[in-house]
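Engineer: In case you want the letters, here they are:
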Amino acid sequence: MDERPISPVLKGVTLVMFLFLLAPLIVVVPISFSGDAYMAFPPTSWSVKWYGAIFHDAQMTAAFTISILLAIVVTVISLLVGLPAAYALVRLKPRGAEALGSLFTAPLLLPTIVLGLAILLVFAPLGLLGTFQGLVAAHLIVTLPYAVRVLSTALATLPIPVEEAAATLGARPLTVFFKVTLPMMRSGLVSTAALCFLVSFDEVVLSLFMTGPRLSTLPVAMYHHVEQQADPMVASLSVLLVVLTLVVVLIVDRTAGLAKTFVK
Amino acid sequence: MIRTAPEETAGLKQGEGFLSLRGLTRRYGDFVAVDDFNLDVPKGELVAFLGPSGCGKTTSLRMIAGLAPSTSGHIVVNGRDITGVPPYQRDMGLVFQSYALFPHMDIAKNVAFGLEMRKVPKAEAAERVREAIAMVRLTGKEHHRPAQLSGGQQQRVALARALVVRPSILLLDEPLSNLDAKLRDEMRNEIRDIQKRLGITAVFVTHDQMEALTICDKVVVMNHGKLEQMGTPHEIYEHPKTAFVAGFVGRINRLAGKASGGVAEVAGLKVAAPGFNGPVEVMVRPHRVSLSTDGVQADGERHALPGTVTRATFAGDILEYEVEAGGTIMKTEAATRGGEAVLAPGTPVTLSWRPQDTYVYAAS
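Each protein sequence line maps, in turn, to chains Z and X. Each residue of the first sequence is one higher than the last, beginning at 1 in UniProt numbering. Each residue of the second sequence is one higher than the last, beginning at 1 in UniProt numbering.
Next up, chain X with everything else stripped away, as it sits in the complex:
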């Protein structure tokens, strides 16, 4: 399990994690790029650092790799504090967004580089290089130069190069961002398959929530250098702890309201808001909102809000509506079944959703 461990910030003993961060912090003058980051990654798990650019996810990864200094805090791998250890002694495999292959070496030499540095005997190194290249399905390309390969192939070489040394941890820094959409999906699954097969502990930095949700065991959502939430993809998506997480992971509708006595008043609706007082934001995901023309009434089962269609978008597999309701524009989407009528703008409708799909946050 991933968990925050504030009580252990000073403790260097092995926590539950194979990789543990203890109060990891990076300051540039007054700017705090990473603020008191605590994390435990169990052996063999793939963890995503998810967040918008500048949230500190890449800085955190670079601190783990030893490429950026930390201002304070500790990095512990398998019980060993490696905070001050230089990158060349950390035993980590790093895959970059830009591939970062050695342009002057062929594929085999690129992959062999780490083994050469570790003085692995020639015959064994050759065999491991062959296996690694086969693992990323590039057998036959051994003597090509990186520039002769496609982006996806280059990234697979980078993966083989990082893994052939059997690092204790695999770090991936936006490895798919330079690839086109179709290749990205393929590579994503390929990375996940290889990571699982090798049982290697891995950190995957991304700004793409799809990548984080689909292939990672745990997701760490970051914003402004702070950890917003950690959890399984399901927890992050279904139970976002903060308004930021709700808005960043998946799509969301926002309604402004006011809470008192455990109930929030939003556009005439009464929404359960235990523990809230003052201005709140009430959120619901577009695909959890149903749209009907029969004038559904609010009851204990569903919240309901009347509105008017302002835009309808037929996107093939889904039908999206923008509806003016509750003083704002609410979005809905539903899978198309074929044969349904697309409502014209101006059509009066009722939006409804289940109370358990409703999120309430204090307004910022």
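Next comes chain Z alone, as it looks inside the complex:
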């Protein structure tokens, strides 16, 4: 390793940036262990009772289940739709593939509030509001662009001769895809899945438009909870979510790191 002296100014700036990024955690983590009935910083007493409270709150656990289920379904559909789309764009290169690629990523450029309103107007007459299917469809609008993008990149960087080698060895196109192409895309598939899962699990704005009194996602339930009560339970929940996100990111890092060792 090349040890170059780092200027104290740069060190200072980096420290400030990190403090800024981590500031919410510095506040949220202590509050999550608060023994008080109200959110206050710093807490006057310590306890883990608010962690326990999460699991006794029927609304929260129901919303958590919905969010997890939703994220899984959305991730699976994103992969199932995104993979053939990416394959068509990158490999079959239809006329206007680049324009199509841009079109598919367009939803990312729209403010979610605009998307939310548009979805509300379209879904309401279809009776999709407040339904699980409606939520899935709404989330797919934001996860699919990510899926197509990341999977296209993963496909475009694969060495074609490896697939050609498989073909000359007697593998039919579908066999080549499942035995060679797909395994080589492993890290791309894992990152896509993680990304879609987190985007769906985190989504607030679209979900706010789509949820109703009987069906709510975790972020929406938390939002409503904070509106009505100021107890530290939401802080405990937030810490759990940070841990969950960290686990997903670690999985991606492990896989990407592992991939490097044999893809090179």
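Take every hint as true, because none was put in to throw you off.
Simulated crosslink set (SDA-like; lysine to any residue; CA at most 25 Å straight-line): (1) X/K119 - Z/L174; (2) X/K122 - X/D91; (3) Z/K179 - X/A123; (4) X/K109 - Z/S187; (5) Z/K179 - X/Q153; (6) X/K119 - Z/T175; (7) X/K241 - X/H207; (8) Z/K179 - X/E116.
Source of the hints: derived by calculation from the structure; they are not laboratory data. These figures come from a predicted structure and were not determined experimentally.
Please build the complex by placing chain X on the supplied structure of chain Z, with the hints as guidance.
Structural biologist: Okay, now just chain X, sitting in the frame of chain Z:
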């Protein structure tokens, strides 16, 4: 024998070749990548497609493998026209420049892939994989991943993977270009040994004339999608049919001249040029040119050209001179014997060579 067979372009019957190309052509719009390629490769021969990049040699190989479509023409293997057959039914072994091993499989699985596709029974497949890995001297590496092996080892795995299925034809696409010089020589001989031992018909695409000359039975020199010359390495080197072949295979000196009545006038020399009229290029290889300081005279035995040394390069096993002569710079080279003096620039010398080492081509 390799030969052109223009009269048979329409004929699909088996020619003299185990692998036959009949008028094989590939066009991309107006660009002709491969132009009316005719070839017969007898069973068990190793043939090189030699040429600069973009000459159509790789496109030709890819058409034979079924990985690139042909615009027109036919590919016949062992009497069977396979022109429209997809690659997975062609029964060819292909070795790539980039090795193209399956990164997610270990060495044994890589080699076993083709057998698995052919549904060879497990026990037999295991035995053949073991033999193939032993053949390329990688026994013990069965459970390594490709990335854990060196470039040369990876290319040997690729060779084993291609050969274990006992393909009708082995195709090699610049298989040595990614290896360093020393390894390249080793692998070159190894490929040749294995090819001979198995008696397999093989096509070897390369831009390296050394590779083509040293290990191949026949060399096909290509340029701009066209076949320039086919022949044994000896024929290609000693009797280049075109100026391109003379310049591409081996090193060459070029002198501009003018021919009339069967004689070319080049820098005051008279060189036999039967059948030529107008501007010509006269060529001679550097190591066929002798250099002397005694003022040799031209006679029936040798052509001679006076000149002045402009650069001398001592390269250990050879001594190279650049000599200003005949209005150009002529190169000579000779094996060092030890003890000879290196002539200083400015020394007047006489260059001489035998008439039979002289090539004449119409100037382009």
